[in-house]
Amino acid sequence: MSFLTPLFLLLGLLAVPIILLYMLRLRRREMLVSSTMLWQKLMRDREANAPWQRLRRNLLLLLQLLILAALVIALARPFLPVSSVVSGSVVILLDGSASMLAADVEPDRFTIAKEQVNDLINDLGGGNQMTLILVGQTPQVLASATSDRNALREALEGAAAGPAAADWAAAFALATGAAQGFREARIAIVSDGGLPADLPPLPAESVYIPIGTSFENLAISALATRSTDSGPQLFASISNYGRLDQQVLFSLSLDGTLFDSRRLTVPAGDHSNLTWDLPPDTAVIQAQLSDNENDNLALDDSAWAVHEGGVSNRVLLVTEGNRFLETVFSVLPGMEVFRTTPDAALPAAEEDQFDLYIFDSVALPDPPPAADLLIINPQPAAGESEEGTGAPADAAFAVTGVFSNTSITRLADSPLLQFVDWSNVHVRRSQSVSAPWAQPLVSSEGGPLLLTGERGGHRIAIITFRLQDSDLPLQIAFPVLMANITGWLNPGRAFDAPTGLTPGTPVNITPGAGTTHVLVEKPDETVWLAEVGEEAVIFAETHQPGLYQVSLRDSNGDQPAGSFAINLFSTAESTIGPAPAIILGQTAVETADEGDVGQRELWPWLAALAFIVLLVEWWVYHRGTRLPRPSRRTIQNARQRLLRRN
Amino acid sequence: MKIFDETSLRKLEQLTLVADRVRVGVMKGERRSRKRGTSIEFADYRNYTQGDDLRRLDWNVFARLERPFIKLLEEEEDLGVHLLVDSSLSMDWPDEDAELNKLNYAVRLAGALAHIGLAAGDQVTVTLLRSTGNERWGPYRGRHNTLRLLQFLENGRASGITDLNIALRNYALQSRRPGLLFVLSDLFSPGGYREGLNALQSRGYEVGLLHVLSPDENDPPVGGDVKLVDIETGADAEITLDTSTLDMYRERFQEWQAEISAYCQNRGVHYIPITTDYPWDRLVMQTLRAKGLVS
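Residue numbers (the working numbering), protein chains in the order written: chain A, 1 to 646; chain B, 647 to 941.
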């Protein structure tokens, strides 16, 4: 045992005045009794019976000296050297990635890691500080540069591992910053390995505390659909990341019904690929691995996929003939283009409605179709004069003339113009269109060239010039613009969710025109609700792997708008074998051994001891001073009597 | 100190002291005796022998029969009553409370017993025992002496050390007329009391031992580190009084009393333990009556 502040031991000299005071104090209280005959006898017996009786007289003094000793030693701050993996101030990087949820150690790796960190907190020497960083998808500083063990324990208690890959680069940046605040810092990485190879070196001495024992893990490493001529096809890959061949039961459910189940043998370090032809109307696919005791990580044993179904948007192109438009729409994905001439009647039946109408240099029918519209080179409505002095009050727009001073003056900041280069576009002449509900996106000296807006719950875009009157169709800007416009007019699905979404990836949700709220039902059946406002709706709570169902709420109630799947599909996380060492740059971080010496301070125990002894002393002292002291008169009387007797 | 009020005296006058074993009156008393004596109660005649008191000759018979006869009359005898009050300093306790003071109590008790004796025509001797010289009152008889007795008692003071053995033995040696004898003491005597009692009994005294103690001796309310000072001898005892010590003391105290009681019972001594918080008149009227010392 050593002392941090041994000078305080000099306070032990206070024992001398205490003993002196005690000797002064110990003059016993004189008390008169009628006779000491019985007392003398009693004392003889007691001393014969209990030889420690003499010691008892000094019990109070002993207790007081004990209190003093305890307090003085506590002030000198003794500590016991304990073997510890780190000493001094320390920055702890606690791995909170998905692989830490592996159950190869009881109850799981993260709990064991927390226990390890708790030991480090207990071994934290006095005056040393600790920073605790939880390395999850977004690294988080749980406790910053504190020596308050309770605060550290509390912060540690609240930490939880997430089902996502850890962002080690960001965590290293945090740790580097934290370590610079300490004089002699050490960085302890409590992890099962799986760190990326390109991490920067750490600025301080680092130790690696490995967690976990087993390598054995099976995972669904891929699950995807694709459309073929014969119908949708499913591809699944089952990987064995362990060192032993494993058998596993693979089950496949389509829309909640078991479709296939088979027992597979996956060789060690290898994978099995499987394909299925699915029924054409399949939407949600769930795959599940089960019945293998050596599978230590449950998180990657389930996977979901959503099949788009290959449904295209129906587009009706009303034109006398426009090669540019026909070419563009034939190559845009997800579009099924139909062409008609202005003379043909538009289909009236509900089920024959198109998702998008394109009127190229054609007057709008009356009433206009109830769908999204793209109007190119708008023509006055039937019955209007060529000059068009007035339009019906309910008409979408009025064509007021032609202008040719078409040099572009202003481009609006709109996603529709993203990647569209207008600088080389020249327009010979254009229609002058007034539409109060529309925003001009491209303005020229004579008037707007491109307008967009919403009217009657539908989106309408107007290109005010004939394509043949400009060089726009010859530019690379044309297909980009068309893609942007059709994407905006006919957004298709409510959200942009490619396959292969991993936990934590935000998903953009594009509500329809009449949508007031967006609802997302998460895999744990809680519902996320967002009000549709000016801002784009971004759903970021994709932490759990599973199926997320999106609904859009409008005046008609909640409309299902499809679902998307979040899967772990991470080789780094599924490879759960603990790494024997971590390579940072050119150096390997050593695995921790208990070679370092920590300090376990003892002063709280000593202070508690002093307090308890103080209570005992108080009790001993107060044990029966019930009799009041004899009055001065009594003593005088007694003295006189004694004098008289003599 | 006023020892008695008028009412108490009246009550006491109705009582008589009773001695079972001692019947040796020398003076006319108010008790009928088996001895023939000089009272007016006729008993018998006997022949005159030389040396008989001529005053007791029945002259009427002599005139009629011309033979001398001595008239025997029934003797009415008195009782010798001895009251020995221990007046050592230890009896003057507790000195702050006159009501509980052992000496006051003993003096009052002695006064009561003496008054009973005087009222019954007994020969009463009251002695305050102390090392510096006993203070004696009497022997007197007749109730007219009560006032003087009370004056004597009121002036009684405690002083010095009393060795009960020596004091009682001396008293036994000096006594000319054994009778009923009461010892009023706390028995806190360094030399003990047994030899003294033996000496008294061997002289023919019928002994009553009134053991007077104060309540705090019975159950001492002390605690802590104290130096106990004996007010009689001046001896001190340093002791730490905790509950266990006090319990032990109480145990010892009871053993001590039981030992005295057993000794007295074997020797035919009337032993009456008294604490001074017990009313003295109730002690005389009830306890002593129950013991058969007073009727």
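Hint data in this document are derived by calculation from the structure and do not stem from the laboratory.
Note that CB positions come from ideal geometry on N, CA and C, so glycine has one too.
Be a bit skeptical, because a hint or two may be false.
[To be verified] Quick look at which bits of chain B chain A covers, simulated, 3 or more residues with Cβ under 8 Å:
1) 699–708
2) 837–851
3) 881–890
4) 895–908
[Claimed, not checked] Chain B side only, calculated, beta carbon under 10 Å to chain A, not exhaustive:
5) L735
6) S736
7) R928
8) M931
9) K937
[What the hints assert, rightly or not] Between beta-carbon pairs, the in silico distance windows are:
10) B:S848 - A:L62: 56 to 62 Å
11) A:L9 - B:W902: 53 to 59 Å
12) B:E901 - A:L62: 29 to 35 Å
Results for each hint:
1. 699–708: That given contact is violated, which follows from only 0 residues of the region 699–708 of chain B lying within Cβ reach (below 8 Å) of chain A.
2. 837–851: violated (count 0)
3. 881–890: As far as the region 881–890 of chain B goes, the hint holds, because 9 residues have Cβ atoms under 8 Å from chain A.
4. 895–908: holds (count 4)
5. L735: holds, 6 Å
6. S736: At 5 Å from the nearest chain A Cβ, B:S736 passes the 10 Å test, so the hint holds.
7. R928: Violated - the Cβ of B:R928 stays beyond 10 Å from chain A, reaching only about 24 Å at its closest.
8. M931: Where the cut-off is 10 Å and the nearest Cβ of chain A is about 27 Å from B:M931, the hint is violated.
9. K937: violated, 25 Å
10. B:S848 - A:L62: 56 to 62 Å: holds, 57 Å
11. A:L9 - B:W902: 53 to 59 Å: holds, 54 Å
12. B:E901 - A:L62: 29 to 35 Å: At 34 Å between Cβs, range holds.
Hint violations for this structure: numbers 1, 2, 7, 8 and 9, all remaining hints satisfied.
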